[in-house]
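J.: Protein sequence lines correspond, in order, to chains E and A. Per my numbering, the first sequence starts with residue 36, numbered consecutively. Per my numbering, the second sequence starts with residue 50, numbered consecutively.
A portion of the hints provided could be inaccurate.
[Unchecked claim] In silico negatives: residues of chain A with every beta carbon more than 10 angstroms from chain E:
id, residue
1, D55
2, E60
3, A62
4, E64
5, T67
6, L86
7, F112
8, A120
9, T129
10, G139
11, K145
12, T147
13, D159
14, R160
15, A168
16, T169
[What the hints assert, rightly or not] So, partial list: chain A residues that the calculated Cβ filter (under 8 angstroms) puts toward chain E:
id, residue
17, F83
18, E103
19, A107
20, A108
Hints listed in this document are in silico derivations from the structure and should not be mistaken for laboratory results. All values derive from a computational prediction rather than experimental measurement. Ideal Cβ positions, reconstructed from N, Cα and C, are used throughout, including at glycine.
What follows is the residue order along each chain.
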Amino acid sequence: MRYLPLTDTDRAEMLGVVGAASIEDLFVDVPAGARLAGPVDLPAHAGELAVERALGAMAALNRAAGAGPFFCGAGAYRHHTPASVDHIIQRSEFLTSYTPYQPEISQGTLQTLFEFQTQVAALTGLDVANASMYDGSTACAEAVLMAHRVTRRKGAVLSGGLHPHYAAATHTLAHSAGVVTRRLSAAVDDEAAVVEAIDADTACVVVQNPNVFGTVSDLAAIAQAAHAAGALMVVVTTEAVAFGLLKSPGEMGADIAVAEGQSIGNGLNFGGPYVGLFAAREALVRQMPGRLCGETVDAAGERGFVLTLSTREQHIRRDKATSNICTNSGLCALAFTIHASLLGGVGLASLAGLNHARGRALASALGAIDGVEILTPRMFNEVAVRLPKAAAAVVDALAARGVIAGVPFSRLDPAAGLDDVLLACATEMTTFEDIAALADALCTELAR
Amino acid sequence: MRFSKDHEWVEVAGETATIGISAYAAEQLGDVVFVELPEVGKTVKAGDPLAVVESVKAASDVFAPVGGVVAEVNGALSDTPETVNDQPEGTGWFVKITLADPGEASGLMDRPSYEAFLATL
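Based on the provided sequences and hints, a complete structural model is requested.
T.: Okay, structure coming up:
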């Protein structure tokens, strides 16, 4: 496909039609103080070798997660993605295709989206899933907005175990819709506080499982309390591999389940792109945001797939749409689908079991260190520990010696007063040598 | 039966007005797949959005042709929305309203006037 640039004559004609004298006139609303005075100060050009050398030097300032013992989790997880996933998503039919608005030429894309939705519904234990959202945090925000539309109530109770970034994203999106989010104090296990906070104006409670402190809970009691008050329960999962071992959100009474799908098929990617999972009970399908792929039959009676229930979306409903988002995280969703297909149910359960075993070994090693207190009562693969000193300083000291000890809670929520709490995570990528190296380095650091 | 310019019909019986969409509107919309009805007890003035009717190709607002309080909604439409296409001016009714002003409907078009209006579209 050829690129046909504009000529000066084209530009002059367009400016004439809109009534502007020059291109600069189109930027009249940008304050003078925010405008660039001249061209951006970049070197004119350099040869490929010189550019590679310069960019390579910049990249070398970073340290890859896999470069040594690495225990960061808290919303993004280091897992192994088989080479076959990248091999398949790099096929140009997948890599370069756009939104499948024309079903007659997009059955491949639509079929994979339908498979993805089927997997998400199965993993979350709910009836219907969409073709994905941008990430777990915006999926969480969308769930709260959906609960507001369904119940016509203005309040949302956010558990103290919800990832602080998810709470912040939810507050940002919800408050402009008039929804009042009430975030409970950070807590390792706050079932009682969540139940207590439900009132007649609560549209939903939002609980994370495993929560940001790694705690695993049975949410049935919270579901019951929410439903008794006419509210919905939204369950958030940040570590998708946990679906292989824990009771599903649907089984525990969730009305809406959201998750970060990054752990399956997708790398850490410096924080994105990721893929938000979103599923709900069938009765709520018309209030779901995002794209929905459906199964149907064509004019010849053959099975086919189409985008469906489009009247929820903004290109038809405009300001009454269920969301301003009418896209999905297609390539990341595809990577998720491929990896999940390769694992299968048995494989995912096995992977989850392995993660849990490594997590338990990590918790055991940390708990044996003098001065370190395990805060997480029941865990999957992530544990919160209280240190005798500020966690951020400990993490920095250990990083200088090649061990990435985890995420200090103060980095997620500096105002929580939990500066001595460290979140550490183990996955199938964590070796026993890694755990020993962490325990050793931590012992040495705490003895200073 | 009286009609509004937005193709809603009203049938008044005492203080109650039954409201739906005209056969013309139903035909223009195509196959109706979903009707979003208001809550019983909601108060509306003439011209306020009352319901939303969704077909395979569009979602359209249905406006209250007269004012009052929503007394009853046609729940059967959630299972069989196609009734709107089959009997738009009969069993495909949307909402019954307790009128604020029982005479308000007389300001709307009668059937001959409505049909003349349709001919101009």
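J.: Of all the hints numbered above, which does this structure not satisfy? Sort the numbers upward.
T.: Checked against the structure, no hint fails, so every one of them is satisfied.
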